[in-house]
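Participant: Here the protein sequences come in this chain order: A and B. If you're matching positions, the first sequence starts at 1 in the numbering used here and goes up one per residue. If you're matching positions, the second sequence starts at 1 in the numbering used here and goes up one per residue.
Calculated from the structure, these hints are not laboratory results. Please note that the accuracy of each hint is not assured.
Distance condition first, Cα-Cα at most 30 Å in a straight line; then the derived DSSO-like pairs of lysine-lysine [claimed, not checked]:
| hint | chain 1 | residue 1 | chain 2 | residue 2 |
| --- | --- | --- | --- | --- |
| 1 | A | K108 | B | K57 |
| 2 | B | K57 | B | K118 |
| 3 | A | K108 | B | K176 |
| 4 | A | K108 | B | K178 |
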Amino acid sequence: MKRDLAAIVLFTAVVLGVTATADSGVVLTFVMMTLYATLMAQAWNMLGGYGGQFSFGHALFFGTGAYVQAMAQLNLGLNAWLALALAVVVAAGVGLFVGALTFRYGLKGSYFALVTLAFAEVFRIIAVSVGFTGGGVGLMLPLQESFANLQFSSRRGYIMLVLGFVVAALGVTAWLRHSRFGAQLQAVRDNEDAARAIGVDPWRVKLGAITLSGGFMGAAGAFYVQVFQYIDPSIAFGPHTSVEALVAAIVGGMGTLWGPVLGALVLHLLADLTRNLFGQLPGLNMVIYGTVLVVIVMFLPRGLSGVGRSVRDAWRGRK
Amino acid sequence: MLEFGILFPSVLNGLTTGAVYALIALGLTLIYGVLHIINFAHGASLMVALYAVYLLKQHLGIDPYLALPIVVPGMFALGYGLQRYIINRASHGRDENILLVTLGISIVLENLALMFFKSDTRSIETPYTLTTVAIGPAMISLPKLVAFAGALVTSALLLWVVTRTDLGRAIRAVAKEKHGAKLMGIDVDHVYAMCFGIGLACLGAAACFLLPAYYVNPQVGNGFVLVAFTIVVLGGMGSFVGALVGGLLIGVVESVGGLFLGESLGQIGIFVIFIAVLLFRPQGLFGAKA
């Protein structure tokens, strides 16, 4: 635990250092978007990597967070910071609700993936169909830059905000690695029956994981709204976000603390590189994501951080 | 409220759509029943088939129905290749990997289509696109009627292959007991790839029947894929009869639901059924008890 915490502090220092010294908007935007992707990947990792429950519909929590963030300000006139807290809580609550339904009936594996996908789709259709979400047009947040409104004139402000969430997510993940709850969660992932036999309650443990995961994913959604000041049903609940979260976690290495960070970084570097090489071709980014996903699963089932581990093991073996 | 003159055409329309749904779901259920994997690339594969039909019509002037002998074998080859050379290799014997690989394939296919065709929605014009046939008080468009008949014939053909041929016997043997089948000299990898190929061939047929009355865009598969999953889950994973009945049922639910709730909200009925079945009866209507 101490080593993980030290690593998190080091990580924070590096990000802060880059943010403070960077003088181009491109670099700052890159840092912000990579942190944002890291947050989503880490949220997915809590449930998928440590809990072994593969969600294909994490956009459900993302969209919930995003819409609560927007609607709490527009419809309820809530302060943006309060809205943010509410967004996280509601998204975590949706996680609890979906988890209670699905795990109650022992859905796992492909069935769980399908049901999360279906829930995201149901929410998308509802968001399109009812009035108070702005329907298919979406919701627009008025531009009022101030600290109290959670709107910053510089990317640096947003970086601080998302960095806070990323550090919290890393902290929670480190806690999953070392705590009793985390050990139970990993036991359920590896063998649910065996875990139950030694007195672990799989239902309660998985429920905890999906609630945590939903909360952090909701935070990412709320962050999105604050940065882009706009949300519509397909951005919020469309499959794109779900895919981005899970691909980054898997590419980096799920069930690890730093895998999602690595995955998000590599994918964003790759996306930027191809954008420079080929220009803005629609869909190209996702083609690369998909290809990388297939290649990683085919050749590196433990993800990129698994490579590091293999090299380290080989090195130690030789010594 | 339930006036026959309104309800009857709606049900009939639902049945014609449902038959095509059933055809798509049959491919999915065959793949699931034998390989025990959920093919997330099913919707994207349908999209590929639809573009193939579209391109054949636009550039070579081949009528969608006459394109059947081209598109169906083509899709079969695509499916065989995908399973044999990509999915099987990437699986490392783990279901989660297959899930992820088929998801990856669907992302790639969908976005390649986006790159090449942009997100425009395209449709084709045939001499019979707007022809309608009167059945009682209902007017049904001719392409939909052809799709209905075509889907039923294709389903019957598929059932015949699975129940009456040597290949079908091998498929059923592998589905029941993979290791036993291997000991009997059945090439399991080949049978897996055949199943995947046949599953995608169904999509090829569905695409030929669909396009005259439908459209294609890169996301078109998404709409079908959840519907097909719903049908497969509703009918019981791996059950052919279940897929047929489930397909027709869902078609009617969607059509009648749309009548009362409006087009977009009508779709919700499908997902509510889907989630409810997954939660309360995951083995489906016709599936064996899990």
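Participant: Run every hint past the structure and note whether it holds.
Facilitator: Cross-check of the supplied hints:
no.: 1; hint: A:K108 to B:K57; verdict: violated, 43 Å
no.: 2; hint: B:K57 to B:K118; verdict: holds, 19 Å
no.: 3; hint: A:K108 to B:K176; verdict: holds, 22 Å
no.: 4; hint: A:K108 to B:K178; verdict: holds, 23 Å
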